[in-house]
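Given chain P, put chain G in place with the hints provided.
There are 2 protein chains.
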Amino acid sequence: MSSDQVLVFGHVNPDTDAVTSSLVYASFLRKSSTPAKAQLLGVLNPETLHVLANGPAGAISPPEALDIDKLQPGTKVALVDHNESSQSLSVLYDKSLKLQITAVIDHHKIGDLHTSEPLYCRIEPVGCTGTILHSLFVENSIEISAIEAHLMMSAILSDTLNFTSPTTTPKDKKAVAALAKLCNCTDTDAWSLSMFKAKSDVSQISAVDLVKLDYKVFDMPDGTSWGIGGVETVDVPAILGRASELSHALDKVKSDSPKPIAGIFLVVVDILQVKSTAILPATPGTELDVISKAYSTTVTHKNGVPLADLGNNVSRKKQLVPMLLASLSL
Amino acid sequence: MSSDQVLVFGHVNPDTDAVTSSLVYASFLRKSSTPAKAQLLGVLNPETLHVLANGPAGAISPPEALDIDKLQPGTKVALVDHNESSQSLSVLYDKSLKLQITAVIDHHKIGDLHTSEPLYCRIEPVGCTGTILHSLFVENSIEISAIEAHLMMSAILSDTLNFTSPTTTPKDKKAVAALAKLCNCTDTDAWSLSMFKAKSDVSQISAVDLVKLDYKVFDMPDGTSWGIGGVETVDVPAILGRASELSHALDKVKSDSPKPIAGIFLVVVDILQVKSTAILPATPGTELDVISKAYSTTVTHKNGVPLADLGNNVSRKKQLVPMLLASLSL
Numbered sequence: 000m001s002s003d004q005v006l007v008f009g010h011v012n013p014d015t016d017a018v019t020s021s022l023v024y025a026s027f028l029r030k031s032s033t034p035a036k037a038q039l040l041g042v043l044n045p046e047t048l049h050v051l052a053n054g055p056a057g058a059i060s061p062p063e064a065l066d067i068d069k070l071q072p073g074t075k076v077a078l079v080d081h082n083e084s085s086q087s088l089s090v091l092y093d094k095s096l097k098l099q100i101t102a103v104i105d106h107h108k109i110g111d112l113h114t115s116e117p118l119y120c121r122i123e124p125v126g127c128t129g130t131i132l133h134s135l136f137v138e139n140s141i142e143i144s145a146i147e148a149h150l151m152m153s154a155i156l157s158d159t160l161n162f163t164s165p166t167t168t169p170k171d172k173k174a175v176a177a178l179a180k181l182c183n184c185t186d187t188d189a190w191s192l193s194m195f196k197a198k199s200d201v202s203q204i205s206a207v208d209l210v211k212l213d214y215k216v217f218d219m220p221d222g223t224s225w226g227i228g229g230v231e232t233v234d235v236p237a238i239l240g241r242a243s244e245l246s247h248a249l250d251k252v253k254s255d256s257p258k259p260i261a262g263i264f265l266v267v268v269d270i271l272q273v274k275s276t277a278i279l280p281a282t283p284g285t286e287l288d289v290i291s292k293a294y295s296t297t298v299t300h301k302n303g304v305p306l307a308d309l310g311n312n313v314s315r316k317k318q319l320v321p322m323l324l325a326s327l328s329l
Numbered sequence: 000m001s002s003d004q005v006l007v008f009g010h011v012n013p014d015t016d017a018v019t020s021s022l023v024y025a026s027f028l029r030k031s032s033t034p035a036k037a038q039l040l041g042v043l044n045p046e047t048l049h050v051l052a053n054g055p056a057g058a059i060s061p062p063e064a065l066d067i068d069k070l071q072p073g074t075k076v077a078l079v080d081h082n083e084s085s086q087s088l089s090v091l092y093d094k095s096l097k098l099q100i101t102a103v104i105d106h107h108k109i110g111d112l113h114t115s116e117p118l119y120c121r122i123e124p125v126g127c128t129g130t131i132l133h134s135l136f137v138e139n140s141i142e143i144s145a146i147e148a149h150l151m152m153s154a155i156l157s158d159t160l161n162f163t164s165p166t167t168t169p170k171d172k173k174a175v176a177a178l179a180k181l182c183n184c185t186d187t188d189a190w191s192l193s194m195f196k197a198k199s200d201v202s203q204i205s206a207v208d209l210v211k212l213d214y215k216v217f218d219m220p221d222g223t224s225w226g227i228g229g230v231e232t233v234d235v236p237a238i239l240g241r242a243s244e245l246s247h248a249l250d251k252v253k254s255d256s257p258k259p260i261a262g263i264f265l266v267v268v269d270i271l272q273v274k275s276t277a278i279l280p281a282t283p284g285t286e287l288d289v290i291s292k293a294y295s296t297t298v299t300h301k302n303g304v305p306l307a308d309l310g311n312n313v314s315r316k317k318q319l320v321p322m323l324l325a326s327l328s329l
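Chains P and G are the protein sequences, given in the same order.
Going by numbering that gives the first Met the number 0, the first sequence opens with residue 0, and the numbers climb by one from there.
Going by numbering that gives the first Met the number 0, the second sequence opens with residue 0, and the numbers climb by one from there.
It is possible that some hints are incorrect.
Identical copies carry no separate label here, and so any pair may be met within one copy or between two of them.
What the hints assert, rightly or not - With a cut-off of at most 25 Å between alpha-carbon atoms, the simulated BS3-like pairs for lysine-lysine come out as follows:
1. Lys-253 / Lys-196
2. Lys-97 / Lys-316
3. Lys-316 / Lys-94
4. Lys-75 / Lys-316
5. Lys-75 / Lys-170
6. Lys-170 / Lys-30
7. Lys-211 / Lys-253
8. Lys-30 / Lys-173
9. Lys-173 / Lys-69
10. Lys-69 / Lys-301
11. Lys-180 / Lys-170
12. Lys-75 / Lys-30
13. Lys-211 / Lys-170
14. Lys-36 / Lys-258
15. Lys-97 / Lys-36
16. Lys-97 / Lys-292
17. Lys-274 / Lys-292
18. Lys-36 / Lys-75
Hint data in this document are derived by calculation from the structure and do not stem from the laboratory.
Predicted model only: the values in this text are computed from it and were never measured.
Here chain P stands alone, though its shape is the one from the complex (with noise of 0.2 Å):
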């Protein structure tokens, strides 16, 4: 790898603004004279396996694998998609490796991120990184191409949950309807439930892969950290019907975890309806007075499996992450 090279790459379990957003932005910069290259950090999720397969010129290759034994000292990173360490390469901040991170360009709340010299970072509360990644071929007067459209597109599509999150803002409506004549796609709703359809057929993931596709772990003000994973489908009973080899992939997934988690649970998003139900680890823990006290809920238990209703909550980042993290900070 040159170490001139910025490698590019979005948050462990990628979802597919982590994916396309890497292979955005270092087409961005390259076209910006600046040599990058898109890298992975994890598995392709099902949806992003579909939109990657359905590119407006036929597939689109994915991001290449990252091999961090091939991590040469001083290598320049951009993160995309995310910016807290739990979420990123394991050795981001290694301190004989010294990467240098050139770039941010996210959409989620700052955590740990520093750096010893002045970046590019921008960060915006819209709905999707590639909102951002829009507004910036657009301010610098890059050409858009019909694949850059599409991925931007989808991504867009995928993270507001087709406009319906409440992290949907007018900005992220604007990007899609601007990118959706580049690539061609006359219909977004029709393209949105093709993805959707895609992510919900997880028939062939096991429970422990699963509760993993879409997990992440946030620190909490009282020093905890804790690992919430995500599930959104349109077949909400396809899910739950595996709420109890789910519940005991959570125990697994938290005892496993590299670094000690205090409480772990699963999020499933109705996409269609925009509300969501929590499965918690089937070992009784602090999470069922965490989670009933953050979310003003209560936990019921169905089969023996303990489940919440978080009702409208759909949102990890602006509404069930927040809420933990107030909950936590009494």
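Quick look at chain G alone, frame taken from chain P:
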């Protein structure tokens, strides 16, 4: 203070960029239909007074001093020209106040910035916050008044030492060219020189206040903190003529520091020659070894005062702090 209003402020010991950026960003927010007010943390320096006194339509009012005692819990704040808590409002992360950081506009490395919700964060590796603010107006098609143009232009010329600092980028020069037209400034070199002369007239300022005038504390990788003051001047002999009292003032600022600091020094920058000299504290301490090593220089004594030639290293942000960080992380 209404809790809807965003309070916009620059770093403590404010320089021209910190002050003008708080005025301009507050104005930008108001023009974008967000209630906002510029606030001041500290005392205006002679250069900033000169910039405010010579606006295109007469004197410009400085920001009101921020009154910590009147801060209400949950107040929204926007940080300009800084992001580290050690350079900000003392209660920035106070647990009972729970201030909400809704925006950061800056051009420094990222320190301990963190939030509990997504925000607007725009950090770019350019010479001045004013340059980024100029982009914000252009990108959002918001008209720039002559006063705003004068403030941003002056900040950029100040921070880049009229484009001689190594922090200068093509974007800074383009912004000044555009802004000069908007405020009818026909000779930016002459305006820069008048600012630098105003900045250099520090005869009325006590040695301790001179150390504190542009003083920032930086947290180092070895867990220590260092305080670095800066005096940019066109009249180096006038400053070095006061080297002995400044050296004793460094002792006092160091021992009086609310946050324990391991080392302190004052960087005297010759704006016209683009080179700098460090004055070390009178009491021999860790500064001697650390400064010699970090800047590959030798500490010499002139009339008993320890001085170090820092060569062409004139930028604290881009040169002096990164070199110190690198040296202390070995």
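*Between copies, within a copy, both or neither: which fits Lys-97 and Lys-316 at Cα up to 25 Å?*
Answer is between; shortest inter-copy Cα gap is 19 Å, intra-copy 29 Å.
*Measure nothing new, just compare the shortest in-copy and cross-copy C-alpha distances for Lys-253 and Lys-196 to 25 Å and report within, between, both or neither.*
neither (29 Å within a copy, 63 Å between copies)
*At 25 Å max between alpha carbons, let me know whether Lys-180 reaches Lys-170 within a copy, between copies, both or neither.*
within (16 Å within a copy, 31 Å between copies)
*Given a CA cutoff of 25 Å, do Lys-173 and Lys-69 count as a within-copy pair, a between-copy pair, both, or neither?*
The answer is neither: 40 Å in one copy and 40 Å across copies each exceed 25 Å.
*For the identical chains here, do Lys-75 and Lys-30 meet the 25 Å Cα criterion within one copy, between copies, both, or neither?*
Cα proximity of Lys-75 and Lys-30: one copy only (17 Å, versus 37 Å across).
*25 Å Cα cut-off: does Lys-30 pair with Lys-173 within a copy, between copies, both or neither?*
both (23 Å within a copy, 21 Å between copies)
_Regarding Lys-75 and Lys-316, is the shortest C-alpha distance of 25 Å or less found within a copy, between copies, in both, or in neither?_
between (27 Å within a copy, 19 Å between copies)
*Is it within, between, both, or neither for Lys-97 and Lys-36, if the alpha carbons may be no more than 25 Å apart?*
within (19 Å within a copy, 40 Å between copies)
*Given a CA cutoff of 25 Å, do Lys-274 and Lys-292 count as a within-copy pair, a between-copy pair, both, or neither?*
within (18 Å within a copy, 59 Å between copies)
*Should Lys-36 paired with Lys-258 be assigned to within, between, both, or neither, using CA atoms and 25 Å as the limit?*
Result: close neither inside a copy nor across copies, 29 Å intra and 43 Å inter.
*asked:* For Lys-211 and Lys-253, with the copy left unspecified, which applies at a CA distance of at most 25 Å: within, between, both, or neither?
replied: Classified as within: same-chain Cα gap 11 Å, cross-chain 50 Å, threshold 25 Å.
*Should Lys-316 paired with Lys-94 be assigned to within, between, both, or neither, using CA atoms and 25 Å as the limit?*
Classified as between; 21 Å across copies, 30 Å inside a copy.
In the structure shown, a violation is registered for the earlier hints numbered 1, 9, 10, 13, 14, in ascending order.
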